[in-house]
Amino acid sequence: MTWLKPSWQAALAFLLCLAALALGAMSKPEVAALAQPTATIAYPYMGAKGLIIGLLLIAALVSVVKLTPIVEAIVLFVGAHAAAWLLIKGIAGFEGTALAPYFLLLAAAWLLAWRCVTLLSSLRPSESAARNALRLVIPAIFGAWILIIWEAVTRGAGIPFILLPPPSAIGARIANSLPILGSDVRQTIFKAVLIGYVVGNLAGFVVAILADRVPFLRRGLLPIGNMVSALPIIGVAPIMVMWFGFDWPSKAAVVIIMTFFPVLVNTVAGLAASGHMERDLMRTYASGYWPTLLKLRLPAAMPFIFNALKINSTLALIGAIVAEFFGTPVVGMGFRISTEVGRMNIDMVWAEIAVAALAGSVFYGVVALIERAVTFWHPSVRGG
Amino acid sequence: MDSFRSKIIPVTTILAGVVVLWYVFAVILNAPFQRDLDQRGNETPGAVEFIGKTLSQPKPTLPAPHQVAVNFFENTFLRSVTSSRSLVYNAWVTLSSTLLGFGFGTALGIVIAVGIVHVATLDRSLMPWIIASQTIPILAVAPMIIVVLAAIGITGLIPKALISTYLSFFPVAVGMVKGLRSPELMHLDLMHTYNASASQTFWKLRVPASVPFLFTSMKVAVAASLVGAIVGELPTGAVAGIGAKLLAGAYYSQTIDIWSALVAGSIVAALLVMAVGIAGRLVDRAMGGRPA
Amino acid sequence: MSEQPPAVVSASKLGLTFQTNDGPVQALSNVDLTIGKGEFVSFIGPSGCGKTTLLRVIADLERATSGTISVNGMTPEQAREKRAYGYVFQAAALFPWRTIERNVALPLEIIGLSQAEQAERIKRTLALVNLAGFEKKYPWQLSGGMQQRASIARALAFDADLLLMDEPFGALDEIVRDHLNEQLLDLWARTNKTICFVTHSIPEAVYLSTRIVVMSPRPGRVTDIIESTLPKERPLDIRETPEFLAIAARVRDGLRAGHSYDD
Amino acid sequence: MSEQPPAVVSASKLGLTFQTNDGPVQALSNVDLTIGKGEFVSFIGPSGCGKTTLLRVIADLERATSGTISVNGMTPEQAREKRAYGYVFQAAALFPWRTIERNVALPLEIIGLSQAEQAERIKRTLALVNLAGFEKKYPWQLSGGMQQRASIARALAFDADLLLMDEPFGALDEIVRDHLNEQLLDLWARTNKTICFVTHSIPEAVYLSTRIVVMSPRPGRVTDIIESTLPKERPLDIRETPEFLAIAARVRDGLRAGHSYDD
Amino acid sequence: ADKVTLQLKWVTQAQFAGYYVAKAKGFYDAEGLDVDIKPGGPDIAPEQVIAGGGADVIVDWMGGALAARDKGVGLVNIAQPFKKAGMELVCPKAGPIKTEADFKGHTLGVWFFGNEYPFYAWMNKIGLKTDGGPDGVTVLKQSFDVQPLIQKQADCISVMTYNEYGQVLDAGYKPEDLIVFNYSAMGNDLLEDGLYTLEDKLKDPAFEDKMVRFVRASMKGWKYATENTDEAAEIVVDAGGQDENHQKFMMKEVAKLIDNADGKLIPAAYERTAKALLDQKIISKEASGAYTTAITDKAIK
Ligand SMILES: Nc1ncnc2c1ncn2[C@@H]1O[C@H](COP(=O)(O)OP(=O)(O)OP(=O)(O)O)[C@@H](O)[C@H]1O
Ligand SMILES: Nc1ncnc2c1ncn2[C@@H]1O[C@H](COP(=O)(O)OP(=O)(O)OP(=O)(O)O)[C@@H](O)[C@H]1O
Ligand SMILES: Cc1ncc(C[n+]2csc(CCO)c2C)c(N)n1
Ligand SMILES: [Mg+2]
Ligand SMILES: [Mg+2]
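Protein chains in written order, with our numbering: chain D, 12 to 395; chain L, 330 to 621; chain P, 1352 to 1614; chain U, 1352 to 1614; chain G, 4 to 304.
These aren't lab readings, by the way, just hints derived from the structure by calculation.
Don't be surprised by glycine CBs; every beta carbon is placed ideally from N, CA and C.
Hints may be right or wrong, so weigh each one.
Claimed, not checked - Here are the computed lysine-lysine pairs in the DSSO-like style, where the Cα-Cα straight-line distance is at most 27 Å:
| hint | chain 1 | residue 1 | chain 2 | residue 2 |
| --- | --- | --- | --- | --- |
| 1 | G | K155 | D | K202 |
| 2 | G | K267 | G | K255 |
| 3 | D | K39 | G | K204 |
| 4 | G | K177 | L | K382 |
| 5 | U | K1433 | D | K16 |
| 6 | G | K74 | G | K255 |
| 7 | G | K132 | D | K202 |
| 8 | D | K39 | G | K74 |
| 9 | U | K1388 | U | K1583 |
| 10 | L | K382 | G | K96 |
| 11 | G | K267 | G | K87 |
| 12 | D | K100 | G | K74 |
| 13 | G | K177 | G | K251 |
| 14 | G | K155 | L | K382 |
| 15 | U | K1433 | U | K1487 |
| 16 | G | K206 | D | K39 |
| 17 | G | K155 | G | K107 |
Stated by the list, open to error - Output of the computed footprint for chain G on chain L, the stretches with three or more beta carbons under 8 Å from beta carbons of chain G:
| hint | segment |
| --- | --- |
| 18 | 471 to 478 |
| 19 | 550 to 556 |
Can you make the complete structure from the sequences, with help from the hints?
Shown next, in the form of structure tokens:
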């Protein structure tokens, strides 16, 4: 028994800090300043370098000491995030001048955050409030680090704004373009996506049932259904614009075509998923086609059908957005994206993408919640 | 083969129905333009002649099936398969990046699913971000991906295949997470009593149990992968492939070309999906699947 | 009612061969059997001899490959479509997405009973199998024996004139089993149902049946049919009478004769 | 070996409560039990009394919510990780995508036996349960009893020192059951395994066991533990001896006392 | 030979014939250059490609280049082969629009992706709102083809003289059936196809010399193309251009925009372009240093 416990993340973070110390200067101006000690050259991290490295080293050290996981997680959380904050704040005004130690320290902070997430996900609190909090905190830290690394790297390495703007710029853009984003969301999501999603899923479902009910259609419709599967949006979108006009109905039509196939395939597979004995049971009741479908085969098919609904929740969004590249009124998320790329307002493009990602995640989350409620009996939900 | 023969009649009947409907719509959709044209030319054709004209416009709104068929036939059988105008050649270009992307995508999807099922950290943190990633419109980021990859010297098949990968891994990941979690609890308990390692439980129980989910997801994924390959052809200069044909057709309003490229794409899709289906049935049979 | 009760099940030269990946398996061969209305017939025989298969043929879940069979004078298919029988499977076959009471309600919904009638039958049959209080539980929250009892309740609630029961009491303890045996006899006596009952327990078969069909394995044949001479009224302690034991001995001999073990 | 055989299973004040949608269900309460090495302990009790749950706690498939339990002096988890026991589930739990012989091979693959050793064990155990000739069949091609026997073969092939068997012979006819009872006793005598055995058959429990644990339902409690005075050598006809019948009667009384039926 | 990568703004077509001719005729080889011509596509932004290091020089419209410059990508115009703009708005005579005064309340098709600036500058100039209200015009984002006109989804659509205008004619319209608003003719034109490179790289004399040679050979290509339009169109088709007849039409029309093939930028046109962009807040500050005549001065003597 010792009071130490090993953690490869902490050890590696420790090494990275030492390497950063050994390499010295954090940025090009600092090199210049060191080369000409007499001149007064401003450079980043004049005072903060020691603080950053110190924070990281302390957090790394504390995390190998046997503590309660909560305390350790808090220390890691504070250390990693404070260091990251100092790093990003320090580079302001010196974008594109960062040298290796900057990235090493960033990596060290990230490793500690990783260790923190690992710790948190191994916690099994008994109160449900704490469990729910963890459910949110873990993906939040993970996501925050995607943003932190993105911000630090784009700024540190000076990646051109029109290739990839830092998240802070995107955030600022979102904050002051809310009305535009709102009207785009209304046009694309509340009209095209939702209507297309509902109709497309229903269509796929109905065709699957038809094919199941009528053997003639099964043999005829399924191969043709397969052909619809890859009607590529770029081919179909212009045609839909021709047929249904410029406004959202043509986009909804594209969404219908895109969402049709996953539901078709999954419903067909799901309808084959009920057990033999259960089907025999229904036969003994001389249960007709529809009662058997309703009471046995559809419930058993639900895990498959929900897979399709989940896949479609993101597919519908992609479809509607991409369809807007091919002729629209001057509103909509796809319209905005393609227009603002042309105007080199890449931050606006990413703002729309961020909104799309958020909307898609909410959409998916809602579908997943309904799935849990409907297929509560399936082993994948009951635990396994 | 027997099942093949039993399919011929239904498929042809339904196709015939589709073709008839198609003709009707072709007349309806092409009529306004024809009327305009006749008006400007001061012509007053009879009904039959008018319908004939709507079905033989060079750039119709909806080409008639025979126009597409002729174009498809010419571009498929009358051109050398190495010609850039041959549909066979273009389909092959698209197919190769589809298959590569599908391979990557399936592998990536499975790896992600395995990670999510086995590693609590990933289960909690990764899934929301994968979902978010899927809502990023590919056509918007595809050019950036291509630019970035070109900057680090990757060009040719791989960038297109990566876009296919991006679209196809998600259905596989979603399906496999479900599939790998679908073994019955008693079977998991059984493996537990043997103190089977995670990898043994994975290979001997989770994988076989996930097979129906895997093949269903792969059908969706292979279709998505084809869409990705076609989309990926645009920002790479659209030099060859079904996507390039679609784009060229769209750019010059050659609707007949568009439709014959669409038909080619659909046939490729149907073949791919059926191939996955057949593979699924073979695997099912090898696993002692009970006839329904 | 006529003097000669009409045959409910009548099979002649019945045979069934399964085609499997490594060759055909003959599960039934040359089965001749007539079951009259109101009879209680038990099937007993070694594991794998074809009892389940025979029941499944009667129920039109399997098609015989030779011979003929009629149920209520019709083909099994017509009889099934007329909802001529209730079936208790060897495994419980409960739907995991339905609570116990909804599982019992399943056949009642299908035949379209009123809500009130459904509720009444559910309550009655669940009480009968001693599962009152477990109405709202899901199948995976019950023990093996409780699941089996729920499946019995489901078949009883269906209330068909012919009951096909495949080892319904296999997973039950002696006391519950005795209780259900009594209940079943009571039900049978009251309602004049015809019951085909697969069991592995010789005392159970003798206690319940008017006739006992002894089968032997591979290919499943009927080796003996034993008419019970016991009265219709059967208290539990009839099982200690010499008459009972004599019949049991005869069944045991029939079984042993057909069995493949030589020890 | 020491004079006092070390406890293989030792439970004290064991309790387990399931949380369900409509309130907690107490499946085990205050179970005190010690099982020594080489014992053959039967568990008997009404359906739903917690026999399966107790076995699952021993096997580390369920975590007790109160009290303590150790297996071979370790926690159940450590014991499981040492592959201390083989388990026969109440249902067969065969993998539908594996043939019978591959199903039996499953645990052998997991512990990493050589192909030859696997083949030998498969052949031996399948013959033991009289399934020779069915190696290449898939589970759905077997009868209920044959599936159960395949699952017994799988557990026996695993060859652990502690065997946990949950109604392994429930779906078998008397003769196969007698045969397997003898085989099991023989195996037990030969190998000095410890066996925990759930059954609903009083004669089976008395015939096999060195000790019989009688349980009563809701919440599952141990109401009686009966030491068998029968010799270790037990021919089948020992079941007609007065000594045997006396023990059986005592078990029956214990069962009846704990039972919820009042009839 | 020195390697040069040229990123086009659109797919291979006669709009870029000068470069394909220069390559096919060996003009680049003669200058010791090995030029890789990368076709563009819908929504591929040449500005992004060059910023990402994927090209040395790009073909771009001035509007896009200035917008990128405003965002910190130091694009500089080194040559301006297209002197006049090819963009115009066409309306069927049978429709409601005869003059600028008729626009109010109607639907006009416009390309976006950086091609919308001339249109908005024009509307700005004649004081029409573009928000779809009754006293403004409704704007449609137009796709690649002329369907909106044929289908009457828009009252007027944008065309390039050398491309979509031909398609309108192909569709059965005769020039006398159409009302045309040509941006150059109205004096509303913004500079179209020019060659742009990064100013940082241009500071390197070796690179500058390479660009001088590149521009010299390219303009030689343009000169040859304008003089031999059919041959140039065939070269384009060989390089992957679609539809030979259409390319021949396009080459003839493009030739009208080239004018003298000296690639020299006209500062007045530049000023007008820059001002229009600033007025519309496409760029946030006055553009400066966005072009240099040094290259063309050295290339074409
Ligand atoms: N997963 C579960 N969730 C909730 N309750 C459960 C669960 N498993 C078992 N129970 C309850 O625990 C009690 C004991 O069940 P157990 O399976 O141990 O009974 P058993 O003695 O094995 O009965 P049987 O002889 O019928 O198999 C039962 O009342 C059952 O309803
Ligand atoms: N679907 C099937 N395919 C192939 N063979 C089968 C099938 N079903 C049953 N059999 C075979 O038919 C024979 C009889 O099986 P059946 O289920 O009728 O036995 P049983 O008498 O009910 O036995 P048990 O008492 O064990 O349930 C067995 O040898 C079995 O292997
Ligand atoms: C999305 C989009 N749609 C249409 C065009 C039309 N277009 C084709 S070529 C050309 C001239 C510039 O090269 C123009 C304006 C475009 N560029 N981008
Ligand atoms: Mg059976
Ligand atoms: Mg049990």
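Status of the hints after comparison with the structure:
This hinted pair checks out: K155 (chain G) and K202 (chain D) have alpha carbons roughly 24 Å apart, not beyond 27 Å. About 21 Å separates the Cα atoms of K267 (chain G) and K255 (chain G), which keeps this hinted pair within 27 Å; it holds. For the given pair, K39 (chain D) sits about 20 Å from K204 (chain G) by alpha-carbon distance, which is consistent with the 27 Å threshold. Only pairs whose Cα atoms come within 27 Å are accepted, and K177 (chain G) paired with K382 (chain L) is accepted, the gap being roughly 19 Å.
Between K1433 (chain U) and K16 (chain D) the alpha-carbon distance is near 25 Å, which keeps this suggested pair within the 27 Å criterion. Between the alpha carbons of K74 (chain G) and K255 (chain G) the distance comes to roughly 36 Å, so the proposed pair goes past 27 Å and is violated. Annotation: proposed proximity of K132 (chain G) to K202 (chain D) holds, straight-line Cα distance about 26 Å (limit 27 Å). Restraint check for K39 (chain D) and K74 (chain G): satisfied, since their Cα atoms lie roughly 23 Å apart, inside the 27 Å limit.
Our distance criterion of 27 Å between C-alpha atoms is met by K1388 (chain U) and K1583 (chain U), whose separation comes to about 15 Å. About 24 Å separates the Cα atoms of K382 (chain L) and K96 (chain G), which keeps this hinted pair within 27 Å; it holds. For the hint pairing K267 (chain G) with K87 (chain G), the CA-to-CA distance comes to about 12 Å; that is within 27 Å, so the pair holds. At roughly 22 Å between alpha-carbon atoms, K100 (chain D) and K74 (chain G) fall within 27 Å of each other, so this suggested pair holds.
Under the criterion of a C-alpha separation no larger than 27 Å, the hint pairing K177 (chain G) with K251 (chain G) is consistent with the structure, at around 19 Å. For the suggested pair K155 (chain G) and K382 (chain L), the alpha carbons sit about 20 Å apart, so the restraint of at most 27 Å is met. For the proposed pair K1433 (chain U) and K1487 (chain U), the alpha carbon gap of about 31 Å is over 27 Å, so the pair is violated. With a C-alpha separation of about 21 Å, the suggested pairing of K206 (chain G) with K39 (chain D) holds against the 27 Å cut-off.
The hinted pair formed by K155 (chain G) and K107 (chain G) meets the criterion: a straight-line CA distance of about 17 Å does not exceed 27 Å. For a cut-off of 8 Å, the count of residues in the segment 471 to 478 of chain L with a CB near a CB of chain G stands at 5, and the three-residue condition holds. Under the rule that three or more residues need a Cβ within less than 8 Å of chain G, the assignment of the segment 550 to 556 of chain L is violated, with 0 such residues.
Going through the hint list in order, the structure does not satisfy hints 6, 15, 19.
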